[in-house]
Structures are given as C-alpha cells and as structure tokens.
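Turn these sequences into a full structure, and let the hints steer you where they fit.
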Amino acid sequence: MDQLTSATTVGIMKLKGAKNWNVWKFQVGVLLRGLGVFEIAEGTRVKPEEEIDLRAWLKEDSKVQSLIVTRLSESVMLHVLTCTSAAEMWRKLHSVYEQKSDTSIHMVQQQFFQLKYTQGIEMSLFISKVQEFQSKLKQLGEEISDKFVMTKILMFLPEGYGHFVSAWESTSDERQTLDILIARLLVEEERLKAKMDTSEKSVALTAVKKNIKCFKCGHSGHFKKDCKNNRGEAQLRTVQLDTLQLPIVLLDT
Numbered sequence: 000m001d002q003l004t005s006a007t008t009v010g011i012m013k014l015k016g017a018k019n020w021n022v023w024k025f026q027v028g029v030l031l032r033g034l035g036v037f038e039i040a041e042g043t044r045v046k047p048e049e050e051i052d053l054r055a056w057l058k059e060d061s062k063v064q065s066l067i068v069t070r071l072s073e074s075v076m077l078h079v080l081t082c083t084s085a086a087e088m089w090r091k092l093h094s095v096y097e098q099k100s101d102t103s104i105h106m107v108q109q110q111f112f113q114l115k116y117t118q119g120i121e122m123s124l125f126i127s128k129v130q131e132f133q134s135k136l137k138q139l140g141e142e143i144s145d146k147f148v149m150t151k152i153l154m155f156l157p158e159g160y161g162h163f164v165s166a167w168e169s170t171s172d173e174r175q176t177l178d179i180l181i182a183r184l185l186v187e188e189e190r191l192k193a194k195m196d197t198s199e200k201s202v203a204l205t206a207v208k209k210n211i212k213c214f215k216c217g218h219s220g221h222f223k224k225d226c227k228n229n230r231g232e233a234q235l236r237t238v239q240l241d242t243l244q245l246p247i248v249l250l251d252t
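Heads up, the sequence shown is in numbering that gives the first Met the number 0, so the first residue is 0 and it goes up one at a time.
Please keep in mind that the hints were generated in silico from the structure rather than gathered at the bench. Each hint should be verified, as a subset may be incorrect.
The list that follows gives simulated cross-link-like pairs (lysine-lysine, BS3-like), each with its CA atoms no further than 27 Å apart [to be verified]: (1) Lys192 to Lys115; (2) Lys115 to Lys146; (3) Lys15 to Lys62.
In structure tokens:
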C-alpha cells in the first residue's frame, strides 16, 4: 500500500466538472486498478465484519478517499464533503457528472454540426473553430477522427473554393491529412485575396475613368492624351510636313 500513499503525486489533472469528467474518470480508474484497489472505489469490495479484515479495509478505503479528494477542485469537492467512504464519493461524482457529461457531449456535437463558414471571416478562424470543437469532444471522451473534421471543413467552404475541392479530391490518400489540408487552404485563401484585390483595382480604375472628362473633345471616359481626335491631328500634321518637304523642281527656261 506504500504505492497508494504516494499515488496522489501522480500527474493526474484535477476534476473541474463535466468538461473533463470522462478523462479524469479514466485516469483515476486506471491508477486505482493498477494499485489493485479499484474494487474499493467501485464498492464491490464491501466493508468486512471481521475486525482484522476491517482495519485493513478501512486503511485502504481511507487512502483511496485521499487519492480522490486530492484530485478534485474546490468547487467539485463540495459534492463529497458528507461522504464517509471512497465508494460513496465515487458514486456521488458519477451521479453529478455522468448525466451532465452526456448532456455536454450532445450540446457540443450540435454546435459542431451547426458550425458553418461565414462569408468574409478569415479561413484560419473557421478552421480553428472546427478544431476547437474537436478538442472539446475529445476531452468529453467522444473523439472524432481527422477524416471527419476534414469532411466538415470541405463541406462548408465558400463557392470560390470549387477548384480547390476538385484538386484536393484528386490528391493521393496518403497526402490527404488534416495538416496538409489546413496548409493548402491558407495558401489558397491568400491567392484568392490577391486575385480579388487586382479585380477590385481594375473595377475602381474603370469607375474613375467614367467620371473623367476629356479636355480635347469634351466627352467622358478618357484622358486628353488618349483621345481619338489626337490621331486625326497627328495624321494631319504628317500630311502637312510631307507637303512642306516636297522637293522643288526647277524648270529649264
């Protein structure tokens, strides 16, 4: 039982509530089984009547209680203050958090399935929200695969990512990982931003030109230097110059 005395120093997180109940329950259960005392917490090793056996049982039960209590946050500890045995503590924690945990899982799953990409937000923000729900579900004991997360992301990409999705579907299976998908999406986002900036500048320039008035012909939509009338004048000047440069022929008298 010396191992059990020092077990409270093992790196097990403190139970903070329903959000980490499943992970905490798993860690503590594994530890107690490894120490051979899980039956005491579970209540299957009942309190004996023989005095010699009773003393040994009470000693073990007290140490299991100590292990449980030292792995609880102060707010959670309030639920077990009136408990007098490790089994009673274990049952109490189950009654408080087992149902709450199931409810939390259902709520997080709903939020995960309802999450959609909103036009205009950063792609990195959308991806981080999806991964946040993946992490929450893992903490609640409901781990979802990276494949499922990739499907979720690809389903809700904006219309401009159609070519990206087609290219991704043709990628080899070994290259279709969540990390590679995220990296490619962020690159694609930057490419689309640059393309949009160029398009917006072109539209803006067209709009500016529409409001410009030519000082040559008086019409809108072009500068004086680009005016079609300039070409007529240029041709006229060429003809005049050619005329001036005609050779003078002297006639013999």
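Hint-by-hint comparison with the structure:
| no. | hint | result |
| --- | --- | --- |
| 1 | Lys192 to Lys115 | holds, 20 Å |
| 2 | Lys115 to Lys146 | holds, 17 Å |
| 3 | Lys15 to Lys62 | holds, 21 Å |
Violated hints are absent here; each numbered hint is respected by the structure.
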